[in-house]
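Residue numbers (our numbering), protein chains in the order written: chain A, 105 to 417; chain B, 105 to 417; chain C, 105 to 417; chain D, 105 to 417.
Hints listed in this document are in silico derivations from the structure and should not be mistaken for laboratory results.
Do not rely on the hints blindly, as some may be mistaken.
Each pair may be met inside one copy or between any two copies, as identical chains are not told apart.
Restricting the straight-line Cα-Cα distance to at most 27 Å, the calculated cross-link-like pairs of lysine-lysine (BS3-like) are [as the list claims (entries may be wrong)]:
hint, residue 1, residue 2
1, 132, 142
2, 195, 142
3, 210, 142
4, 132, 395
5, 252, 296
6, 252, 142
7, 195, 395
8, 252, 132
Number of protein chains: 4
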Amino acid sequence: MMSPEIETIRQQLPGWLEASLPCVGRGKVASYIPELSKAPHDALGITLMNPQGESVTAGDCGLRFTMQSISKVFTLILALMDNGEDAVFSKVGMEPTGDNFNSMLKLELVRPGIPFNPMINAGAITVSSLIRGESPNEKSDRILQFLKELAGNTDLEYDLGVYRSESDTGNLNRSIAFFLKENGVLSGDIEKVLEVYFLHCSIAVDCADLARMALVLACNGSDPLTGKALIPRRYVQIAKTFMTTCGMYNASGEFAIQVGLPAKSGVSGGILTFVPGRYGIGVVGPALNNKGNSYAGVHLLQSISREMDWSIF
Amino acid sequence: MMSPEIETIRQQLPGWLEASLPCVGRGKVASYIPELSKAPHDALGITLMNPQGESVTAGDCGLRFTMQSISKVFTLILALMDNGEDAVFSKVGMEPTGDNFNSMLKLELVRPGIPFNPMINAGAITVSSLIRGESPNEKSDRILQFLKELAGNTDLEYDLGVYRSESDTGNLNRSIAFFLKENGVLSGDIEKVLEVYFLHCSIAVDCADLARMALVLACNGSDPLTGKALIPRRYVQIAKTFMTTCGMYNASGEFAIQVGLPAKSGVSGGILTFVPGRYGIGVVGPALNNKGNSYAGVHLLQSISREMDWSIF
Amino acid sequence: MMSPEIETIRQQLPGWLEASLPCVGRGKVASYIPELSKAPHDALGITLMNPQGESVTAGDCGLRFTMQSISKVFTLILALMDNGEDAVFSKVGMEPTGDNFNSMLKLELVRPGIPFNPMINAGAITVSSLIRGESPNEKSDRILQFLKELAGNTDLEYDLGVYRSESDTGNLNRSIAFFLKENGVLSGDIEKVLEVYFLHCSIAVDCADLARMALVLACNGSDPLTGKALIPRRYVQIAKTFMTTCGMYNASGEFAIQVGLPAKSGVSGGILTFVPGRYGIGVVGPALNNKGNSYAGVHLLQSISREMDWSIF
Amino acid sequence: MMSPEIETIRQQLPGWLEASLPCVGRGKVASYIPELSKAPHDALGITLMNPQGESVTAGDCGLRFTMQSISKVFTLILALMDNGEDAVFSKVGMEPTGDNFNSMLKLELVRPGIPFNPMINAGAITVSSLIRGESPNEKSDRILQFLKELAGNTDLEYDLGVYRSESDTGNLNRSIAFFLKENGVLSGDIEKVLEVYFLHCSIAVDCADLARMALVLACNGSDPLTGKALIPRRYVQIAKTFMTTCGMYNASGEFAIQVGLPAKSGVSGGILTFVPGRYGIGVVGPALNNKGNSYAGVHLLQSISREMDWSIF
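Looking at chain A on its own, in the form it has when it is part of the complex (with noise of 0.2 Å):
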């Protein structure tokens, strides 16, 4: 027998859902790294998962798409992991930024030009830097094989095509790059940096992947359903802050208000979000607001944290 709650979700989704579908038209599925574009325009769907292990789903749950900045999250957990915070937030900062995720201004103009926070490019890219490992290879290995335990999924792997894509067209990345390696912040070869952050933002999951990373973030860095402690609860407490002042890049401050759930979403139209304590949720929309987030995955996040008096705030 499923918890009350639970249940409740089950009955209202699908109604939930239908009324979030709308939102797909006003939506632009992303085109810049040319793989994503094949992505199903109308698609949405959802995936919540308790500690108990019952989830519930609707829509187009089982549709694999890459974790893109998703994976964000992951990467800054692993690099806490390998290096503690202070060698990491020396050379990332913690505040949101107010401009676009791939925006290079404040590299110029704020000194002393490090990342304003872990989850735009220029933050990101720098913390794929700090994963330990001798090669690319190493260090992305580490990353795959972290996420494979945090989804109980061995199956994860990389959609070899959406990386092949963005390693191709990733100028910007390289830009942001190189002007972090002026900087100071990146050191080495700036190929084999990028090589391990494309490829962690190509790693292919559904849904239920997402749902079963964010219910170990739910639950403060245990597997409830192994009970495997994967993540110290202080990494997992950070992670959780980037993810509600930062997460859904400059359209995070909204989020906050009309969701309130720490969440994080990436340009496949994918987006991680928990309740603490209580779900891991997975969601999947491609079509894309012009703050490149879900438009109908915000939207159906937005409904059920109302209905369900969700908020952290």
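Chains B, C and D: place on chain A using the hints.
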């Protein structure tokens, strides 16, 4: 008999304050408003109050200082109560800026040129203009009345010396206000708008006043001592979110990571913060860090929050 | 008998004007000052005058329009005559900005926050404040008197309708002026400074007036028709340099490449330019391009300059 | 027998140079390219050459240094000769920026994101990419050949130590180049584009070489000593205009006011300038002011230009 937690705080607080005191030497009292520069550089004080009305204090908690930007939280709430969410958020956004609190860059660079959020000067001036009232006097009276009620203190008054000093030297705020008029955000007589703004920044309080106001927020809008519902819960939620994402100027992200409590600071060295459901807190320490927040005050809150495990994240 | 070159111009000018007329369709009459929007969209006129006092005209050369930014050249010269180079250039720089003429970005971003040059609004407002005079009236009278002398036209007057319109809607200029006061560049009553500025922008002229003023610059400060020395040569040199590097807003570089003459435009569609030693030129064409310069006027000057090989470069 | 003017210069030059020498103490040798920091801090030299081939020299005119940004004038000319105006100016604009020579702000902020002018790094890298040639080698050979011809010096060569140093540390230029690729301004292999750019910056010259190159510009594209037409006059005109509006980094406006000659400086401390029709001039003084121009070199040119009344304005 006190509740056990507050008893722990009472015992530890003098030690924590002692440990934070050396920070005053690293800070600088604000001087851009000449009157503010008269504040005692070495002062540090704190008051915590719980819903039972029990309070704990330490240091210079009796020092009187002006609310400055702390008042922005309550003018926002009053503007919401006067106008509703839609009207307010058609004039002011919900995003952190990553810029200084008095920066005008985004007003020029980011269409449609409305203030990014109500916690920066541009946003708070806009909010002041939305307070209901036939005249600046009437608006100001309503704000003061609202704050008296929240503080449970009918003696709250303006510090007219500070008001005049702010008004005399407030050229940057005038510049912001005329830019907002150009952008169609403000209309009418700018000096009248600014009179309201400068006045509510000049309301004099002590730590106990702030703690009591904060306690109302901590209790979702009800004054636990009188039982009166003073603020609708949704507006507390909005305020709380802004305090978390933008309340400590462009150090809000760091404060969220290191302290993890909704808070609002002022250049007089005051900080209003709270632990949801449990404590309203007022702090004062006029020596500021380079982001404009009380140097020792932030340090003290960080110690307490870590020791008590109070982060909302 | 006319000099041969001016005879050539007389013969060719109607054809060149004819060829430039279609450009008016691509331009837009300025509307940010409501009164300006009443100007005839299709007009195009030009007057050239040589040191012998011979003049050639074509098109709507009799149209009256306000000087707007063209006046900035002469208030700069007057301020230099009143204060000397050192005093003026302690308050305003010498560099092109690359930004819009009313941008405030560099006032905030580039220490010490003085205007980059006297041709942008911030710089010209600063220059207005430096004109000698006990009162706005006295300053304004001196400016008008100076322009009457340069134009050899004692009938020059303000267009008070335009003045009031500018003053009523000049919120961006007020914003700039208060920012300059904050930065210590301006002092005293901002409305008095702006009164002087708005008034000299509102002086009504026709192409012949501009041509005659320009002729004085072309002759290094002496009026060739009266023999009177009106401006020290060094100040003409300074004005001429600014007209070349910053005179056509942020299309000054292109104008220098394509036309190659010192020039100053105004949003009323006027352009004052000259061929050193040979011609003073006044142009009017109210339909503006997206940089704020007369669309057809620039086209016409480019044709003449190329045909006559007049570029100073 | 010398012409009288050059005889005057010969007599005065040692005194002017002497008077400018103390400026070296206020400047700083460029260190961002490590090899450049080896230049003699105290050096100051100058060579002037007239169309009769007479030359006057003073100080360390025999010092060898790399052209750095001075080469941008000639790659622009060669790109114009290779492609024509329309092709070049579809990729690079004509406006001064008001920003540092290596700033990326306007590439992000101002649509369509092409470099503002060919004298800043972004513009010059773009221009390098437009030089005709099947390979970097062929492009570089054509540039070097062109400069040898202009300098009348078949011995001109790269300083490969400087080249390697620039290439090793040129991360900001790489960042700029990848941003340009993102914006569609550059295409293909960025390292190959930069190889050409770094190489032409590393061509070693002395003051006589610069003076002779400048003399060709002073004579509208013809080498007065050989009678050969080396550059079409229109392209000289374009180069001369850019040198006047943008040649001295973001001190170009001040240089135009204070010296009034078309000029281009490099971070090695070299300045190439000329008096139209009369003199080609090469200057070197490695200690730079805070805008990146030779401190003493600018001072010396200002003295000479004022004394000889050489400003083109």
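Hint check, failures only:
Violated hints (numbers, rising): 2, 3 and 8; every other hint is consistent with the structure.
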